[in-house]
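K.L.:
Quick note, the sequences are listed as chains A and B, same order. FYI, the numbering used here numbers position 54 of the first sequence as 543, with every residue one higher than the one before it. FYI, the numbering used here numbers position 271 of the second sequence as 291, with every residue one higher than the one before it.
One or more of the hints may lead you astray.
[Claimed, not checked] Which stretches of chain A does chain B cover? Using the computed rule of at least three CB atoms under 8 Å from a CB of chain B, they are:
1) 523-533
2) 536-545
3) 554-560
4) 564-575
[Said to hold, decoys possible] Here are the simulated distance ranges between beta carbons:
5) A:E571 with B:E294: 18 to 26 Å
6) A:G511 with B:A192: 46 to 54 Å
7) B:E286 with A:Q525: 28 to 36 Å
[What the hints assert, rightly or not] A few chain B residues that don't get close to chain A, going by computed Cβ distances all over 10 Å:
8) T145
9) V157
10) R182
11) V206
12) A236
13) V305
14) G457
15) L468
Read the hints as simulated data drawn from the structure, not as lab findings. C-beta atoms are modelled at their ideal positions from N, C-alpha and C, and glycine is treated no differently.
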Amino acid sequence: MSDPAAGAAPTAAAGTEAAAVGVAEMPFDAALAELQGVVGRLEQGNLPLEESIALYERGVALHEHCARLLTDAELRVQRLVESAGGALRALDLTPDDAEDA
Amino acid sequence: MSEERRAPLDPERPWNDWLRPTWDDAPAEPPRAAPAPGPGPTPATAGAAPTLGPRIRSVAEVTREIKDRLRAVPALRDLWVEGEVGQVSMSAAGHCYFTLKDDRAQLRAVIFRDERRAIPFEPRTGLRIVAHGRVDVFEQQGHYQLYVDMLQPAGLGDLALRLEAIKARLAAEGLFEAARKRPLPVWPRLIGVATSAQGAVLHDISRVLERRWPLARVVLAPCLVQGDAAPISIVAALRRLAAWRDPLTGLRPEVVILARGGGSLEDLWPFNDERVVRAVANHPVPVISGVGHETDVTLTDFAADLRAATPSVAAELAVPARHDQALALRALRARLDAGTQRSLRHARDAVTAEGRALDHLHPAAVLAGERERVGLLLDRARVAMDARLGSARTVLGRAGERLPVAARGRVVRASTSLHAARASLLALGPYATLERGYAIVRDERGGLLRDASTVAPGERVDVRLAHGGLDARVEHVRDSLP
Numbered sequence: 490m491s492d493p494a495a496g497a498a499p500t501a502a503a504g505t506e507a508a509a510v511g512v513a514e515m516p517f518d519a520a521l522a523e524l525q526g527v528v529g530r531l532e533q534g535n536l537p538l539e540e541s542i543a544l545y546e547r548g549v550a551l552h553e554h555c556a557r558l559l560t561d562a563e564l565r566v567q568r569l570v571e572s573a574g575g576a577l578r579a580l581d582l583t584p585d586d587a588e589d590a
Numbered sequence: 021m022s023e024e025r026r027a028p029l030d031p032e033r034p035w036n037d038w039l040r041p042t043w044d045d046a047p048a049e050p051p052r053a054a055p056a057p058g059p060g061p062t063p064a065t066a067g068a069a070p071t072l073g074p075r076i077r078s079v080a081e082v083t084r085e086i087k088d089r090l091r092a093v094p095a096l097r098d099l100w101v102e103g104e105v106g107q108v109s110m111s112a113a114g115h116c117y118f119t120l121k122d123d124r125a126q127l128r129a130v131i132f133r134d135e136r137r138a139i140p141f142e143p144r145t146g147l148r149i150v151a152h153g154r155v156d157v158f159e160q161q162g163h164y165q166l167y168v169d170m171l172q173p174a175g176l177g178d179l180a181l182r183l184e185a186i187k188a189r190l191a192a193e194g195l196f197e198a199a200r201k202r203p204l205p206v207w208p209r210l211i212g213v214a215t216s217a218q219g220a221v222l223h224d225i226s227r228v229l230e231r232r233w234p235l236a237r238v239v240l241a242p243c244l245v246q247g248d249a250a251p252i253s254i255v256a257a258l259r260r261l262a263a264w265r266d267p268l269t270g271l272r273p274e275v276v277i278l279a280r281g282g283g284s285l286e287d288l289w290p291f292n293d294e295r296v297v298r299a300v301a302n303h304p305v306p307v308i309s310g311v312g313h314e315t316d317v318t319l320t321d322f323a324a325d326l327r328a329a330t331p332s333v334a335a336e337l338a339v340p341a342r343h344d345q346a347l348a349l350r351a352l353r354a355r356l357d358a359g360t361q362r363s364l365r366h367a368r369d370a371v372t373a374e375g376r377a378l379d380h381l382h383p384a385a386v387l388a389g390e391r392e393r394v395g396l397l398l399d400r401a402r403v404a405m406d407a408r409l410g411s412a413r414t415v416l417g418r419a420g421e422r423l424p425v426a427a428r429g430r431v432v433r434a435s436t437s438l439h440a441a442r443a444s445l446l447a448l449g450p451y452a453t454l455e456r457g458y459a460i461v462r463d464e465r466g467g468l469l470r471d472a473s474t475v476a477p478g479e480r481v482d483v484r485l486a487h488g489g490l491d492a493r494v495e496h497v498r499d500s501l502p
């Protein structure tokens, strides 16, 4: 009785990891667009259970990534500096610098 | 009588005789000089010579003549005058009367009440101003005056004229046309800002972006925003932003904010400079102008893809609102959960259907009990999931913009309960029955086989066992159990 369940467990764990592949590096707009695609496919239905669950896990990973970006993001301000040769560099500018400068 | 007629200009004749006019031109005007009684011509002889002597006119007539002539001069109908304000007086009706003067002349001027409301600037004694209007005659008082419809401090009149000239030229080139305006990116990852490194403007912009869309990165190209060197400096800053590519991320600015705090027309003048206006119009990425306050309008505003009233508003317009995105994200999450639950329901229905197929092979009582257990467990799993997702959503709803850590925990738990439901499916579905030695046989089309007569020898069948399956071929078909 417990064999099939035990056999399924590693697959599910692998699925969870696979679901999060590449998500951490995604910009917000790309993650949101993919999440919209995932939801659209799930809502169309007619998917095998295995695929539904994989999609759900992918969707959860995308959603959490987007939510984390919205919550945790901190604005980064840089300042362009042009060298004598005309080459451009960007130097970090903290909000305090902006006030002092 | 006849002798006197032949010598009409006799100096000995009374003055009021030959001076006497005919009043035909202005019958309403009573004659001021009535013929004096005494020696001289009788009224009859005076009336007999109406065309002799100079034509006498009424005051109204003369004034009207001057007015008409004045009005016929185009240069006096639309002019700018610079001078110092002398006496200023305000009428009860709200009109403002004053004199404009320089060291050689004076000019009366009036601003009517309606114009005064439209002009943000009041004349004061001693001020040097530039006034725009028309010269006309005020007949009742017998003087001409400037009817003012626009007023500025002196030194700017010249600028205003130049502004109109540049504006007309660039408009003729099509630089301000709506068709040139480009759409802004919805999710800019890198925002270019051209403004002064000093002052509050960069701070204001940063604060808005931090609150509204901190996912964006900002790159500042500092420039002068005032004075003669400003136009070249602004153009250079715009050029740097156009050329910039972040070496680490490869990002380029996707939208540029050109901003400056409020100031006088003179202060804002660099943003009317033709070089700046052209650099804005021809910039490779969309430009938002946020120059001055609400009421300040510069040619840069016309050339920009979007005009913002202030630098802060420019920042608002550059990015989406975090709050809106959080709401959209929450709605997507709800749909994700609902869609998954629907899939789960379908899977349960399929299990029930397979269970029904096994009825043929299994003592009904055992199978019914088995199915009931599956059904109960699935229901329990679903109820549990609904409850957890439901409470997670409630927390999300309360949390507003910030997705709390607790809610994330609940979402993770909801996901875990999904796994549990799936494990139930695997453990308690028909496969448990297979453990006891039953098999599910499907034909080539995947249909469940219940009747031997529906397959022919040679056909492939798929046999599902508790562990693994068999791809088999039918050798013989028997009608009944052995």
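K.L.:
Just want to verify: B:A236 was marked as not at the interface with chain A; is every Cβ pair farther apart than 10 Å?
P.N.:
The assertion about B:A236 is violated, with a minimum of 7 Å to chain A.
K.L.:
Any Cβ of chain A at or closer than 10 Å to B:G457, or is the non-interface label fine?
P.N.:
14 Å, holds
K.L.:
Please check whether the beta-carbon of B:R182 is more than 10 Å away from every beta-carbon in chain A.
P.N.:
31 Å, holds
K.L.:
Could you see if the CB distance from B:E286 to A:Q525 stays within 28 to 36 Å?
P.N.:
51 Å, violated
K.L.:
According to the definition I'm using, a residue is off the interface if its beta carbon is farther than 10 Å from all beta carbons of the partner; does B:V157 meet that for chain A?
P.N.:
Correct as stated: the minimum Cβ-Cβ distance to chain A is 60 Å, above 10 Å.
K.L.:
Taking the closest pair, is the beta carbon of B:T145 still more than 10 Å from chain A?
P.N.:
Correct as stated: the minimum Cβ-Cβ distance to chain A is 43 Å, above 10 Å.
K.L.:
If I take the minimum Cβ distance from B:V305 to any residue of chain A, is it greater than 10 Å?
P.N.:
Holds, because the least Cβ-Cβ distance between B:V305 and chain A comes to about 15 Å, which exceeds 10 Å.
K.L.:
B:V206: least C-beta distance to chain A exceeds 10 Å?
P.N.:
7 Å, violated
K.L.:
Is the hinted range of 18 to 26 Å satisfied by the C-beta distance from A:E571 to B:E294?
P.N.:
Holds: the Cβ-Cβ distance is about 24 Å, inside 18 to 26 Å.
K.L.:
Taking 46 to 54 Å as the stated bounds, is the beta-carbon spacing between A:G511 and B:A192 within them?
P.N.:
52 Å, holds
K.L.:
Verify this label for me: B:L468 is non-interface relative to chain A, using a Cβ-Cβ cutoff of 10 Å.
P.N.:
Holds, because the least Cβ-Cβ distance between B:L468 and chain A comes to about 17 Å, which exceeds 10 Å.
K.L.:
Can you confirm whether chain B covers the segment 523-533 of chain A, using C-beta to C-beta distances below 8 Å and requiring at least three such residues?
P.N.:
holds (count 6)
Against the hints set out earlier in the document, violations occur for numbers 7, 11 and 12.
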